[in-house]
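A.B. asks: Residue numbers (our numbering), protein chains in the order written: chain Y, 1 to 275; chain B, 1 to 290.
Misleading hints may appear alongside valid ones.
Heads up, simulated DSSO-like pairs for lysine-lysine below, C-alpha to C-alpha not over 27 Å straight-line [to be verified]:
1) LYS47(Y) to LYS137(B)
2) LYS184(Y) to LYS6(B)
3) LYS137(B) to LYS2(Y)
4) LYS104(Y) to LYS184(Y)
5) LYS6(B) to LYS95(B)
6) LYS267(Y) to LYS95(B)
7) LYS197(B) to LYS9(Y)
8) LYS232(Y) to LYS47(Y)
9) LYS232(Y) to LYS105(Y)
10) LYS2(Y) to LYS6(B)
11) LYS9(Y) to LYS6(B)
12) LYS137(B) to LYS104(Y)
13) LYS105(Y) to LYS6(B)
So these bits of chain Y aren't anywhere near chain B, every CB distance computed over 12 Å [said to hold, decoys possible]:
14) GLU12
15) PHE53
16) LEU68
17) LYS104
18) GLY134
19) VAL163
20) ALA171
21) ARG191
Sample of chain Y residues lacking proximity to chain B, with all beta carbon distances greater than 12 Å (derived) [said to hold, decoys possible]:
22) PHE25
23) VAL59
24) TRP62
25) ILE110
26) PRO164
27) LEU173
28) ALA220
Calculated from the structure, these hints are not laboratory results. No experiment lies behind these values; they were computed from the predicted model shown. Glycine included, every Cβ here is placed at the ideal spot set by N, Cα and C.
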Amino acid sequence: MKRLIQIFKILELAAVIAIILVFIFPFVWMLSTSLKSIPETLIFPPKWIPDNFMWENFVQAWSSGPFLRYFFNSVLVSISILLLQFLTMVPAAYAFARYNFRGKKFLFGITITALMIPPQITFLPVYLQMSAWGTLDSYVPLILPYAASAFGIFLLRQSFMQVPEEIIEAARLDYASEWQIMWKVLVPMARPVLVTFGLFSFIYHWNDYFWPLVMTNSDAFRTLPIGIAMLKDAEGGVAWNTVMAGNMILVLPILVVFFFAQRQIIKAFVYSGIK
Amino acid sequence: MSLWYKLRPYVMTVPAITVFILFFIYPIFYMIYLSFTSWNLISPVKKFVGWGNYVELLSSREFQQVIANTITYTFLTVLLTLIIALVLALWLNRKGFIYSFAQGAIFSPYIISLVSVALLWLWIMDPQYGLLNWVLKIFGLSPCPWLTHTDTALISLVIVGVWKTVGYNTLVFIAGLQNIPRDLYEAAELDEAGRWKTFYKITLPMLSPTVFFLLVVNIIASFQVFDTVQIMTQGGPVNATNMLVFYIYQYGFDFFKIGYASAAGVFLLIIVGIMTVFHFIFLSKRVHYR
Chain Y
1 MKRLIQIFKI
11 LELAAVIAII
21 LVFIFPFVWM
31 LSTSLKSIPE
41 TLIFPPKWIP
51 DNFMWENFVQ
61 AWSSGPFLRY
71 FFNSVLVSIS
81 ILLLQFLTMV
91 PAAYAFARYN
101 FRGKKFLFGI
111 TITALMIPPQ
121 ITFLPVYLQM
131 SAWGTLDSYV
141 PLILPYAASA
151 FGIFLLRQSF
161 MQVPEEIIEA
171 ARLDYASEWQ
181 IMWKVLVPMA
191 RPVLVTFGLF
201 SFIYHWNDYF
211 WPLVMTNSDA
221 FRTLPIGIAM
231 LKDAEGGVAW
241 NTVMAGNMIL
251 VLPILVVFFF
261 AQRQIIKAFV
271 YSGIK
Chain B
1 MSLWYKLRPY
11 VMTVPAITVF
21 ILFFIYPIFY
31 MIYLSFTSWN
41 LISPVKKFVG
51 WGNYVELLSS
61 REFQQVIANT
71 ITYTFLTVLL
81 TLIIALVLAL
91 WLNRKGFIYS
101 FAQGAIFSPY
111 IISLVSVALL
121 WLWIMDPQYG
131 LLNWVLKIFG
141 LSPCPWLTHT
151 DTALISLVIV
161 GVWKTVGYNT
171 LVFIAGLQNI
181 PRDLYEAAEL
191 DEAGRWKTFY
201 KITLPMLSPT
211 VFFLLVVNII
221 ASFQVFDTVQ
231 IMTQGGPVNA
241 TNMLVFYIYQ
251 YGFDFFKIGY
261 ASAAGVFLLI
271 IVGIMTVFHF
281 IFLSKRVHYR
């Protein structure tokens, strides 16, 4: 009996490792391909460790387009969105959580409606709007539609509502204005929610392909995911080693962040969705 | 009360509300309006055509196939994701390094760009030199054409979709499992209830809000599949993987039939709207039956 349990335990461990491999192997394969020469990518059965590590694939991928520009655009767009969202969500969440005013329900209803409408529905009319405004090929369509986050307001409002009235009353005695209470008392108290939301927002917009694909027509405003996806369309067929090298450039920052802030990131994506 | 006191809440909410109205609410109405017109982007006039676009849409063979593809994709992706995630959650919800590592590993595809996932799997599913056919060969199976054949292309996209999202679902299930009060299990143990009985008398009913939440969220997300279609198949071969959002994109930006594309957009809006109503029912009621 004891033996049977032991065998079962080993089998179970093997199964867990098999599951892990299903999710890790593709990344290893990506790394391995990114270091191969082209003939080595065309060997079947495949070779896992290339004879020579072709680091020049990364240079090749990076220099096959204005990747510095794409990278800069990605950083600029993600960071600008995050800052604007932060600036718009704190006062809005404070008003929804702490004030009573006419039309509050209606305005909060608009927020919730915005929360439920995905970009996959609005992209065509927003594109036409931007075209009418003459702002199509610029940072405006990439940043402005995301300058406020309904999801962020929703999360932060809940967190602000949980703060006891006494703390605010005490703060009113110490501080001059509501403005100061908001930024100096409530915002620091809501730090975990803000970090959670910040990670969520940054990762979402860093990864986003759909919206920049629709809204940009020129290299000057394209972001990294668009650039990487275009590597596939190189002349003379797909060079998988270059494509995977480019892919590594896109994935690595996120995986490194994930490695160090795993708990935070999982919390950001999983728990914020349920609450 | 000074005027400022009265105005303050509006000043504080107006930046966010302006963004929501300009880029979420108004575009919806604009799209509905456009769906009743015929317009090619260039012409200065938008011709009013009444229900014309809708009639054309619903009688189009191509659109029927697109809807069938989208429903098939959604059904398979959601079903497989939820079943696999539930099994993984029940299994991996334990303490120990290997289990938390496994949780992190299955979650990792969820946070990387769909572009990366799509490119990676395009290569993995390469019929000649891909990793997947090599694995099939090891197990003595014949190679599969994956994305290049009408019979297997859609299911290939389902595999990619499941691989990407199963980790998220698993961790949500695990969070749900950890919220079930321990004493319920202790009571079941006292009553000498078997494992299976404990599962479907306690675990499953207590998990029902989580199941419902994931069902709604996954259906909404799967219905909007785009990135994998655009990068991996372009809707092909012969429309076998063309799905709703890609169809709207094509008609809007490749064929410049704005009215027609808008009508298809309204179709998506209705479906997402219905699912959202379910979502609200969930939020207000929290389907529980203890």
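A.B. asks: A separate judgement is required for each hint: does it hold in the structure or not?
C.D. replies: Hints and how they fare:
no. : hint                   : in the structure
1   : LYS47(Y) to LYS137(B)  : holds, 15 Å
2   : LYS184(Y) to LYS6(B)   : holds, 23 Å
3   : LYS137(B) to LYS2(Y)   : violated, 37 Å
4   : LYS104(Y) to LYS184(Y) : holds, 25 Å
5   : LYS6(B) to LYS95(B)    : violated, 53 Å
6   : LYS267(Y) to LYS95(B)  : holds, 17 Å
7   : LYS197(B) to LYS9(Y)   : holds, 23 Å
8   : LYS232(Y) to LYS47(Y)  : holds, 22 Å
9   : LYS232(Y) to LYS105(Y) : violated, 49 Å
10  : LYS2(Y) to LYS6(B)     : violated, 74 Å
11  : LYS9(Y) to LYS6(B)     : violated, 67 Å
12  : LYS137(B) to LYS104(Y) : violated, 63 Å
13  : LYS105(Y) to LYS6(B)   : holds, 16 Å
14  : GLU12                  : violated, 8 Å
15  : PHE53                  : holds, 19 Å
16  : LEU68                  : holds, 18 Å
17  : LYS104                 : violated, 7 Å
18  : GLY134                 : holds, 15 Å
19  : VAL163                 : holds, 17 Å
20  : ALA171                 : holds, 17 Å
21  : ARG191                 : holds, 20 Å
22  : PHE25                  : violated, 7 Å
23  : VAL59                  : holds, 19 Å
24  : TRP62                  : holds, 16 Å
25  : ILE110                 : violated, 5 Å
26  : PRO164                 : holds, 21 Å
27  : LEU173                 : holds, 18 Å
28  : ALA220                 : holds, 19 Å
The structure does not agree with the numbered hints 3, 5, 9, 10, 11, 12, 14, 17, 22 and 25 stated previously, though it agrees with the rest.
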